[in-house]
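Enquirer: Could you slot chain B onto chain A? The hints should help.
So the sequence lines, in the order shown, correspond to chains A and B.
Numbering-wise (the numbering used here), the first sequence opens with residue 1 and increments by one.
Numbering-wise (the numbering used here), the second sequence opens with residue 1 and increments by one.
It cannot be assumed that every hint is accurate.
Said to hold, decoys possible - Listed next, the in silico DMTMM-like pairs over lysine to aspartate or glutamate satisfying Cα-Cα at most 25 Å (straight line):
| id | chain 1 | residue 1 | chain 2 | residue 2 |
| --- | --- | --- | --- | --- |
| 1 | A | Lys-447 | B | Glu-109 |
| 2 | A | Lys-371 | B | Asp-29 |
| 3 | A | Lys-439 | A | Glu-365 |
| 4 | A | Lys-445 | B | Asp-600 |
| 5 | A | Lys-439 | B | Asp-600 |
| 6 | A | Lys-439 | B | Glu-109 |
| 7 | A | Lys-361 | B | Asp-600 |
Note that these hints are calculated values from the structure, not bench results.
Predicted model, so just to flag it, every value in this text is computed and none were measured.
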Amino acid sequence: MDRIVYLPLFLIVFPFFGALLSSLIPEGKDRIRNPFVVSISLISAVATVFVLYYFYHFGSWELLIHQIAPGLEIKLRMEPFAALFAGVAGILWFFAVLYSTGYMAHEHNRRRYYIFYLLSLSMTMGIAFSANLLTLYLFYEFLTIFTYPLVIHEGNKEAREAGIKYIIYSFLGAGLILTGLVLTYGNMGTLEFAQGGIVDLSTGTLRMWQIAFLCFILGFGVKAAIMPLHAWLPSAMAAPTPVSALLHAVAVVKSGIFGIVRVMYSVFGITALVGLQLGFFVAALVSVTILTASIIAMQQDVLKRRLAYSTISQLGYITLGAGLFNMIGLTGGLLHIINHAILKITLFFCAGAIITVTGKKKISELNGLGKQMPLTMIAFTIAAIGMIGIPPINGFISKWYLIQGSLEAGAPIFVAVLIGSALLNAAYFLPIVIAAFFKEGQFKKEKGPEAPLSMLIPILVLVIGCLVVGIGLELTVPYLHSIAEYLFFSGGN
Amino acid sequence: MPQEIFSYLPLIAVVIPLISFVMIMCAKDLAWWRNAWSLTGSTGTLAAVAFMYQHLSLGQALIFKVPMIVTPYNFFFRVDEFGFLIALITSFIWLAATIFALEYMNHEENRGRFFAFFMLTLSGTVGVPLAGDLLTLLLFFEIMSLASYVLVVHTQTEEAFSAGNLYLYLGVFGGMCLLTGMGIFYYNAGSLAITSQAALMEGLDSYYIAAAVLMILGFGIKAGMVPVHIWLPRAHPVAPAPASALLSGLMIKAGAYGIIRIISMIYTPDSSTMVMETLSSGAVNLWNQVSEAGYIIIWFGIATMFFGAFLAVIQNNIKKLLACSSISQIGYIIMGAGVGAYMGYDGAMGVGGATYHIFNHAFFKSTLFLAAGAIVYLTGELDIRKLGNLKKKMPFTAVVVLIASLGIVGMPLFNGYASKTLLHHAIVDAYAYNNVYALYFAEWIFTLTSAGTVCYFLKFLYFTFWRPAPGDQEGKVIKTEPILMKVGMGTLAVSMVLIGTSPYFVLNNLVGPTLNAFVLDSYLVQYFLDINLFYLSDLVAVALALVLGAVLFYLLSKYTNIFNLQIPHWLGLEYHGALIGKLAVLLWGFITLPFVAVQDLFGALSDFLYKRVFLFLQNVDYRPGEAAIFKSINISNIEFDMVLVIIALSLILTIAFYLRFGLTLFGF
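Bound-form chain A, shown alone:
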């Protein structure tokens, strides 16, 4: 047990030094680099599993790294919500790295790519395990910086502009977060995440706390792609597909969500949240995001952009679940973190496999693709059905809990939003499936594997994961329920 407590730190430090070590491998030596980065991510994934295992047997623990001033500490803590995010990121990262070895085989600058890919893993783990807002903020900033080279990887004009957009938006958000952070620290003298929150509304005016809360929500909302602040995400699709898949469907955007949930339930706490009277505002903002993003997604012809808008819409589900301020809704939101991560990474991997094998990026060029890439397209179909929220694929369960949560909050209008969005999902995902399987196209049946095995295996494993998580709900729901219970703790203050 003694050594185990250092595992969270190990999970941050190990990929970091792994990344630095991989920088020693020359550009051309793929045969050394690929096994090296895969084993680094594999070890990280295994370590994540270990952490989760020990966590569920021995409960939470803390790890103080450095104290700057009283109340300002760099501190890690293992607790239920951290376990959720670390587990999702750590395990999916391994598949993404494996997939990258196939996808990046024909790309340039592989050395730079892998360095920053692993550095981002390190920072994501830091976000997951952070015990207070300061630590979270630190890793959050570094995640932005380390993902920037990945976004501009292509190096062309489009990628550079996307990078600039990404940086500007991210730092605007970071500035807002910092504002909220200072406001909170100034009033409460601590930034610690605590069950039930640390904020006591009586220490300042309501207006001041409302501003602080909105600073946090909009600040983290940049990465969580809440609608007026989402513009960086679709343009960041200029990045290579594994980056889009992992960073823009799982890690980066989910770190924004993670921040929002943390601020809501660990900093403010449910009592203060209700006192702020901003719940409906947040939920309404997110509802607009959900519907608008779905509608815009329908107009996209580039597959990755359509997926990006779908991401924006689906992230809204999670924020909506958190913003309903009740246990069931929160459970639904947290469930959707896992479900959306698996589903969306599968969809992006499929899109990447299509680009690698056929070079087609537009949906209108995919007619008849099911002949050439049946397995990939079956995986795509299953994930798409899951996205719509049709049982027995895993997207259904989060939708069910969100509906129950909306009713619990006494706002059936959000039920309409969720169902409307599900219908829009059907309207923009199913045509792709229909075109691929039933329309006539120029694709021919091929012998041998349809895509490189290093890409096909992650796709198939993940899509089986979708089915397993969708059918065996006892694998996720009870745990997520207990996490929601932990976050929703109202005995504090």
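Expert: Structure of chain B alone, referenced to chain A:
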């Protein structure tokens, strides 16, 4: 409540076809492999369902429950007599259609895919009646909906795609309606079980009503209820014949089944409330509200049956005619369900009649579609204006079609007679129940629709089989029906003859027991079981419909050109679909307009910000010139974010300082 016993049989019944699906997908192009697995799948399901009878005949209900699998609460099967009957006819007819399909599919492409999804659809369709709670039901309903899409678009023609799109999106919409309705229902009642809910006794608030409306809409879409029937006459004909047989014969019944379950079971007081001398006010209120809902549903049923018959009269494509006939017949069933709810505790006749008609219609409509398949398989033609004299060329099919047609028009001693008579009794009883005068007209529409049924079936029989063939078809020699087709159709035809000649047997052993599942007056149930089907008045009613239909047919063919009519485009089914499509696009334009505007606005704003703010910052770059390092921000040039961070920090510090001390300084 019947005794409940745990059994794996329901699970086996849905898993066997699922295994067949997977197996066929593994080796799609191997003919013997997929044929063997298709037969295994449908036979296995039939066997598993049939074995349930030994428990049900003892008055037991079969249950199977696994918590937290697939649905958040329970994956739950509960088989009562009603579910059993539906599952039994589903698996039986599926087997006959599978045998037929083995031969029929020889003239289609992509056979492996067809059989695989044929099996997946079976799994969904048989799962619906076996499901024990609403979410499990929804699961199988969605499987059925999505898997059958593949069957609908099987031919991959333009027509199939446009029909398939309508089918798929309306299906998804219906599924989402169901999901919403169930979500609302669960939130308020706290239970999803398909039984009477105690929570409803406390009065129906708007949530319960919304849930009921949404669920009935969801099931109604699948059932083809007017006005959401538009997908049906387009989707059913484009599928290959075995698939259309099942779509029309069985899958729309899943919708009717759902409606009956909702209004006559879930939204009905518990039987325990009825043993008390005086009803509690909650139960009375609930009965009254269900009765009101039933009255509305009766009229939906009447509209559906009449409109379907009207559409069928003007169709010239055999499969379209049969599809419209399905709408009409499902109208009978919905009407029966409505009467059941309208009369509440006394509604045995309505529910029983609807169940009996589900049973009968499944048989004759599947047979007719299979026969249409045989016709197109051998002649390559489905337009009745180009066919003729098939009674000589395809005598076997002619006999089968004759048996089925006599059944559907309600000829005594054929299988439709009993159920139509019961439904006729039901509507007459409904009028007598409260003397609502409108229901008297409903009875007239009922008779008129029956006459219409006779009319369009005379049209079908006369043009296709009896009259001499038109010019170019006369000399054409066609082969005789292959043996597998004969087996498939023959099985069903023989079953129909048996059912038709022994209505009392069916009534007492198959249809009658289903009423045990509902909360009904036992006296009226007994009345329903002991009813004499061959009263003179009933025979007169049927004779009236037959004569009226024959006269109508004669008059229409003699004095109007309606059977040779090129249907005006505004009456055509495609036109309706296209109109709905155009309306949807228009509506869509209106809905998206603000969103697109907002999107453009944000795009412009972000460009503006980029140009003004960022370029401005670039101009104050402290290392100006062509090689300004600023223009390519990367990790080596962290200064830019530092600038932003410092600006933000100083702003924040100012605010913080102000908040910490400024308030007191300024005397707040």
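Enquirer: It remains to establish, for every hint, whether it holds in the given structure.
Expert: To see whether the hints hold, each was checked on the structure:
At most 25 Å may separate the alpha-carbon atoms for a hinted pair to count; A/Lys-447 and B/Glu-109 meet this at roughly 21 Å. A hinted pair counts as satisfied when its Cα atoms are at most 25 Å apart, and A/Lys-371 with B/Asp-29 qualifies at roughly 14 Å. Note on A/Lys-439 and A/Glu-365: the hinted pairing holds, with a Cα-Cα distance of about 11 Å set against a maximum of 25 Å. In summary, the hint linking A/Lys-445 to B/Asp-600 is not supported, as the alpha carbons are separated by about 42 Å, beyond the 25 Å threshold.
Restraint check: the Cα-Cα separation between A/Lys-439 and B/Asp-600 comes to about 33 Å, which exceeds 25 Å; the hinted pair is violated. A threshold of 25 Å between alpha carbons decides the hint, and for A/Lys-439 with B/Glu-109 the separation of about 14 Å falls inside it, so the pair holds. As the CA atoms of A/Lys-361 and B/Asp-600 are separated by approximately 24 Å, the hinted pair is consistent with the 25 Å bound.
In terms of the numbered hints stated before, the structure departs from hints 4, 5, listed from lowest to highest.
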